[in-house]
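Enquirer: Sequence:
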Amino acid sequence: MNAHISERDLAEIERSAEAARKVVLNPQELAHLDRYLNPSESSPYPLEYSFYLLGDVREKTVLDLGCGSGECIFPLARRGAIVLAMDISPQLIELARKRVDAAGVRATVKVGSAYETGLPAGSIDVIFCMSLVHHLDVAKVRNEMLRVLAPAGYIVLKEPIRFSKSYATVCNLLPAYGDISDFEHPLTPAELATMTEPFTVEGLRYFRLPIVPLTIRWFPAANMTAWKLSGWVLRNLPPTRTYATSVAMKLRRQSST
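The opening residue of the sequence shown carries number 0 in numbering that gives the first Met the number 0; numbering runs sequentially from there.
Warning: the hint list may mix true and false statements.
As the list claims (entries may be wrong) - DSS-like mimics (lysine-lysine), calculated; alpha carbons at most 30 angstroms apart, straight line: (1) 139 x 249; (2) 164 x 227; (3) 249 x 109; (4) 249 x 59; (5) 139 x 109; (6) 97 x 164; (7) 139 x 164; (8) 249 x 227; (9) 164 x 109; (10) 164 x 249; (11) 139 x 59; (12) 97 x 109.
What the hints assert, rightly or not - Distance ranges between label pairs, derived from CB positions: (13) 32 x 219: 19 to 27 angstroms; (14) 235 x 164: 18 to 26 angstroms; (15) 121 x 100: 26 to 34 angstroms; (16) 228 x 142: 33 to 41 angstroms.
Derived from the structure by calculation, the hints contain no laboratory data.
The structure presented is a predicted model; accordingly, all values stated were derived computationally and were not measured.
Each residue gets a CB set at the ideal place from its N, CA and C atoms; glycine is no exception.
Based on the sequences and whatever the hints tell you, model everything.
Expert: Encoded structure:
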(Lines of atoms letter the chains of each structure in order from A; the text may use other names.)
(Lines give C-alpha, C1' and ligand atoms only; values in the text may rest on other atoms or scores of the structure.)
Protein backbone atom coordinates (compact mmCIF):
# COMPACT_ATOMS: atom_id res chain seq x y z
CA MET A 0 0.00 0.00 0.00
CA ASN A 1 1.22 3.51 -0.81
CA ALA A 2 3.08 5.05 2.10
CA HIS A 3 1.20 8.30 1.54
CA ILE A 4 -2.22 7.99 3.09
CA SER A 5 -4.79 10.71 2.50
CA GLU A 6 -6.89 12.36 5.17
CA ARG A 7 -9.88 10.51 3.77
CA ASP A 8 -8.11 7.16 4.08
CA LEU A 9 -6.94 7.91 7.61
CA ALA A 10 -10.49 8.77 8.62
CA GLU A 11 -11.74 5.53 7.08
CA ILE A 12 -9.07 3.47 8.85
CA GLU A 13 -9.99 5.07 12.18
CA ARG A 14 -13.71 4.54 11.58
CA SER A 15 -13.11 0.92 10.58
CA ALA A 16 -10.99 0.29 13.67
CA GLU A 17 -13.88 1.47 15.83
CA ALA A 18 -16.32 -0.69 13.84
CA ALA A 19 -14.01 -3.71 14.24
CA ARG A 20 -14.00 -3.32 18.01
CA LYS A 21 -17.79 -3.72 18.00
CA VAL A 22 -17.85 -6.91 15.92
CA VAL A 23 -18.57 -10.12 17.79
CA LEU A 24 -17.88 -13.20 15.67
CA ASN A 25 -20.73 -15.68 15.88
CA PRO A 26 -19.82 -19.35 15.33
CA GLN A 27 -23.39 -19.95 14.11
CA GLU A 28 -23.28 -17.31 11.37
CA LEU A 29 -22.18 -19.74 8.66
CA ALA A 30 -25.60 -21.40 8.79
CA HIS A 31 -27.19 -18.14 7.65
CA LEU A 32 -24.88 -17.62 4.67
CA ASP A 33 -26.42 -20.37 2.53
CA ARG A 34 -28.93 -17.78 1.31
CA TYR A 35 -26.13 -16.37 -0.88
CA LEU A 36 -25.22 -19.63 -2.59
CA ASN A 37 -28.15 -19.76 -5.01
CA PRO A 38 -30.27 -16.62 -4.54
CA SER A 39 -33.26 -15.69 -6.67
CA GLU A 40 -33.20 -13.01 -9.34
CA SER A 41 -36.33 -11.56 -7.72
CA SER A 42 -34.86 -11.26 -4.20
CA PRO A 43 -35.90 -8.02 -2.47
CA TYR A 44 -32.51 -7.85 -0.73
CA PRO A 45 -29.66 -6.09 -2.56
CA LEU A 46 -26.89 -8.32 -1.20
CA GLU A 47 -28.71 -11.50 -2.21
CA TYR A 48 -29.31 -10.01 -5.65
CA SER A 49 -25.63 -9.09 -5.91
CA PHE A 50 -24.74 -12.73 -5.31
CA TYR A 51 -27.26 -13.67 -8.01
CA LEU A 52 -25.45 -11.33 -10.43
CA LEU A 53 -22.17 -13.17 -9.79
CA GLY A 54 -23.25 -16.11 -11.92
CA ASP A 55 -20.82 -19.01 -12.25
CA VAL A 56 -17.51 -18.02 -10.62
CA ARG A 57 -16.01 -21.49 -10.31
CA GLU A 58 -12.22 -21.27 -10.74
CA LYS A 59 -12.45 -17.52 -11.41
CA THR A 60 -10.31 -15.06 -9.47
CA VAL A 61 -12.74 -12.89 -7.51
CA LEU A 62 -11.55 -9.77 -5.70
CA ASP A 63 -13.73 -8.90 -2.70
CA LEU A 64 -12.76 -5.23 -2.72
CA GLY A 65 -13.42 -3.46 0.56
CA CYS A 66 -14.14 -6.82 2.19
CA GLY A 67 -14.56 -5.36 5.69
CA SER A 68 -14.62 -8.10 8.30
CA GLY A 69 -15.08 -10.79 5.67
CA GLU A 70 -18.77 -11.70 5.72
CA CYS A 71 -18.84 -12.33 1.95
CA ILE A 72 -15.69 -14.44 1.72
CA PHE A 73 -17.35 -17.70 2.80
CA PRO A 74 -20.15 -17.72 0.19
CA LEU A 75 -17.72 -16.59 -2.53
CA ALA A 76 -15.39 -19.48 -1.69
CA ARG A 77 -18.28 -21.94 -1.39
CA ARG A 78 -19.33 -20.99 -4.92
CA GLY A 79 -15.95 -22.13 -6.18
CA ALA A 80 -14.19 -18.79 -6.60
CA ILE A 81 -10.49 -18.21 -6.05
CA VAL A 82 -11.00 -15.45 -3.50
CA LEU A 83 -8.74 -12.47 -2.89
CA ALA A 84 -10.16 -10.20 -0.18
CA MET A 85 -8.78 -6.73 0.46
CA ASP A 86 -9.54 -3.87 2.83
CA ILE A 87 -7.64 -0.80 3.99
CA SER A 88 -8.31 -1.53 7.67
CA PRO A 89 -5.83 -3.87 9.42
CA GLN A 90 -8.35 -4.44 12.22
CA LEU A 91 -11.09 -5.54 9.84
CA ILE A 92 -8.68 -7.73 7.90
CA GLU A 93 -7.73 -9.49 11.13
CA LEU A 94 -11.42 -10.26 11.70
CA ALA A 95 -11.73 -11.45 8.11
CA ARG A 96 -8.83 -13.86 8.63
CA LYS A 97 -10.52 -15.24 11.73
CA ARG A 98 -13.72 -15.76 9.73
CA VAL A 99 -11.82 -17.58 6.99
CA ASP A 100 -10.15 -19.85 9.52
CA ALA A 101 -13.45 -20.58 11.28
CA ALA A 102 -15.16 -21.39 7.99
CA GLY A 103 -12.35 -23.64 6.82
CA VAL A 104 -12.28 -22.08 3.35
CA ARG A 105 -9.33 -20.97 1.23
CA ALA A 106 -8.88 -17.27 0.55
CA THR A 107 -6.09 -14.73 0.35
CA VAL A 108 -6.87 -11.91 2.74
CA LYS A 109 -4.70 -8.79 2.79
CA VAL A 110 -4.55 -5.13 3.73
CA GLY A 111 -4.63 -2.87 0.67
CA SER A 112 -5.98 0.35 -0.80
CA ALA A 113 -8.73 0.37 -3.40
CA TYR A 114 -6.78 3.17 -5.12
CA GLU A 115 -3.53 1.17 -5.40
CA THR A 116 -4.22 -2.53 -4.95
CA GLY A 117 -0.75 -3.58 -6.09
CA LEU A 118 -2.35 -6.29 -8.24
CA PRO A 119 -1.12 -6.99 -11.79
CA ALA A 120 -3.06 -5.36 -14.60
CA GLY A 121 -5.82 -7.58 -16.00
CA SER A 122 -5.40 -10.19 -13.27
CA ILE A 123 -8.93 -10.22 -11.81
CA ASP A 124 -11.89 -11.98 -13.41
CA VAL A 125 -14.59 -10.54 -11.13
CA ILE A 126 -14.60 -7.64 -8.68
CA PHE A 127 -17.22 -8.00 -5.95
CA CYS A 128 -17.63 -4.53 -4.44
CA MET A 129 -20.25 -4.07 -1.75
CA SER A 130 -20.87 -0.55 -0.42
CA LEU A 131 -17.31 0.72 -0.82
CA VAL A 132 -17.29 3.32 -3.59
CA HIS A 133 -19.39 5.88 -1.69
CA HIS A 134 -16.52 6.18 0.82
CA LEU A 135 -14.00 7.04 -1.89
CA ASP A 136 -12.99 9.23 -4.81
CA VAL A 137 -15.25 7.60 -7.40
CA ALA A 138 -13.13 8.17 -10.51
CA LYS A 139 -9.93 7.09 -8.77
CA VAL A 140 -11.24 3.76 -7.50
CA ARG A 141 -13.04 3.13 -10.82
CA ASN A 142 -9.77 3.56 -12.71
CA GLU A 143 -8.00 1.07 -10.46
CA MET A 144 -10.83 -1.41 -11.01
CA LEU A 145 -10.45 -0.99 -14.75
CA ARG A 146 -6.71 -1.53 -14.50
CA VAL A 147 -6.88 -4.85 -12.64
CA LEU A 148 -9.96 -6.24 -14.41
CA ALA A 149 -9.37 -8.90 -17.05
CA PRO A 150 -10.52 -8.11 -20.62
CA ALA A 151 -13.59 -10.36 -20.21
CA GLY A 152 -14.05 -9.42 -16.58
CA TYR A 153 -16.93 -7.74 -14.79
CA ILE A 154 -17.80 -5.97 -11.55
CA VAL A 155 -20.73 -6.71 -9.26
CA LEU A 156 -21.47 -3.42 -7.55
CA LYS A 157 -23.84 -2.55 -4.71
CA GLU A 158 -23.96 1.02 -3.38
CA PRO A 159 -26.20 3.34 -1.38
CA ILE A 160 -27.74 6.09 -3.51
CA ARG A 161 -29.81 9.21 -3.01
CA PHE A 162 -31.43 10.55 -6.17
CA SER A 163 -34.34 12.51 -4.66
CA LYS A 164 -33.37 16.07 -3.71
CA SER A 165 -36.38 16.41 -1.42
CA TYR A 166 -35.53 13.18 0.41
CA ALA A 167 -31.88 14.28 0.65
CA THR A 168 -32.98 17.57 2.22
CA VAL A 169 -35.05 15.75 4.86
CA CYS A 170 -32.19 13.33 5.61
CA ASN A 171 -29.74 16.20 6.03
CA LEU A 172 -31.99 17.71 8.69
CA LEU A 173 -32.04 14.50 10.72
CA PRO A 174 -29.25 13.35 13.02
CA ALA A 175 -26.90 10.73 11.57
CA TYR A 176 -27.88 7.16 12.36
CA GLY A 177 -25.25 4.47 12.54
CA ASP A 178 -21.52 4.48 11.88
CA ILE A 179 -21.05 7.32 9.37
CA SER A 180 -17.74 8.97 8.46
CA ASP A 181 -17.31 12.61 7.47
CA PHE A 182 -16.41 11.64 3.91
CA GLU A 183 -19.05 9.09 2.95
CA HIS A 184 -22.43 9.86 1.42
CA PRO A 185 -24.88 7.99 -0.81
CA LEU A 186 -23.94 8.29 -4.47
CA THR A 187 -25.60 11.01 -6.50
CA PRO A 188 -26.75 10.37 -10.09
CA ALA A 189 -23.62 12.15 -11.36
CA GLU A 190 -21.31 10.05 -9.18
CA LEU A 191 -22.99 6.81 -10.23
CA ALA A 192 -22.68 7.90 -13.87
CA THR A 193 -18.96 8.52 -13.30
CA MET A 194 -18.61 5.01 -11.90
CA THR A 195 -20.49 3.29 -14.73
CA GLU A 196 -19.32 5.41 -17.69
CA PRO A 197 -16.61 3.04 -19.05
CA PHE A 198 -18.74 -0.09 -18.62
CA THR A 199 -21.76 -1.83 -20.07
CA VAL A 200 -24.41 -1.94 -17.31
CA GLU A 201 -26.38 -5.16 -16.86
CA GLY A 202 -29.02 -6.28 -14.37
CA LEU A 203 -29.54 -2.86 -12.81
CA ARG A 204 -32.04 -2.95 -9.94
CA TYR A 205 -33.08 -0.47 -7.26
CA PHE A 206 -33.73 -1.40 -3.62
CA ARG A 207 -34.78 -0.20 -0.21
CA LEU A 208 -37.38 2.55 -0.21
CA PRO A 209 -37.27 4.76 2.92
CA ILE A 210 -40.01 2.62 4.47
CA VAL A 211 -37.41 -0.09 5.10
CA PRO A 212 -34.99 1.79 7.39
CA LEU A 213 -37.92 3.45 9.16
CA THR A 214 -39.51 0.06 9.79
CA ILE A 215 -36.23 -1.45 10.98
CA ARG A 216 -35.82 1.40 13.45
CA TRP A 217 -39.37 1.55 14.81
CA PHE A 218 -41.01 -1.82 14.02
CA PRO A 219 -38.19 -4.40 13.71
CA ALA A 220 -40.64 -7.34 13.76
CA ALA A 221 -42.00 -6.13 10.39
CA ASN A 222 -38.55 -6.02 8.80
CA MET A 223 -39.12 -8.76 6.21
CA THR A 224 -42.55 -7.40 5.25
CA ALA A 225 -41.07 -3.95 4.64
CA TRP A 226 -38.33 -5.35 2.39
CA LYS A 227 -40.82 -7.36 0.34
CA LEU A 228 -43.22 -4.42 0.01
CA SER A 229 -40.36 -2.15 -1.04
CA GLY A 230 -39.23 -4.68 -3.64
CA TRP A 231 -42.71 -5.03 -5.10
CA VAL A 232 -43.24 -1.28 -5.33
CA LEU A 233 -39.87 -0.64 -6.98
CA ARG A 234 -40.45 -3.39 -9.54
CA ASN A 235 -44.02 -2.39 -10.45
CA LEU A 236 -44.03 1.39 -10.00
CA PRO A 237 -40.89 2.69 -11.77
CA PRO A 238 -41.31 6.37 -10.71
CA THR A 239 -40.68 5.31 -7.10
CA ARG A 240 -37.09 4.41 -8.00
CA THR A 241 -36.21 8.06 -7.42
CA TYR A 242 -36.64 7.30 -3.71
CA ALA A 243 -34.62 4.05 -3.67
CA THR A 244 -31.68 4.10 -1.28
CA SER A 245 -29.61 1.25 -2.76
CA VAL A 246 -28.69 -0.01 -6.21
CA ALA A 247 -27.04 -3.18 -7.50
CA MET A 248 -25.74 -4.00 -10.97
CA LYS A 249 -23.18 -5.84 -13.06
CA LEU A 250 -20.61 -3.71 -14.89
CA ARG A 251 -19.02 -5.51 -17.81
CA ARG A 252 -15.80 -4.26 -19.34
CA GLN A 253 -16.54 -2.93 -22.81
CA SER A 254 -14.92 -4.64 -25.76
CA SER A 255 -12.05 -2.71 -27.35
CA THR A 256 -13.12 -3.93 -30.80
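Enquirer: Hint numbers the structure violates, sorted upward?
Expert: Structure breaks hints 6 and 9.
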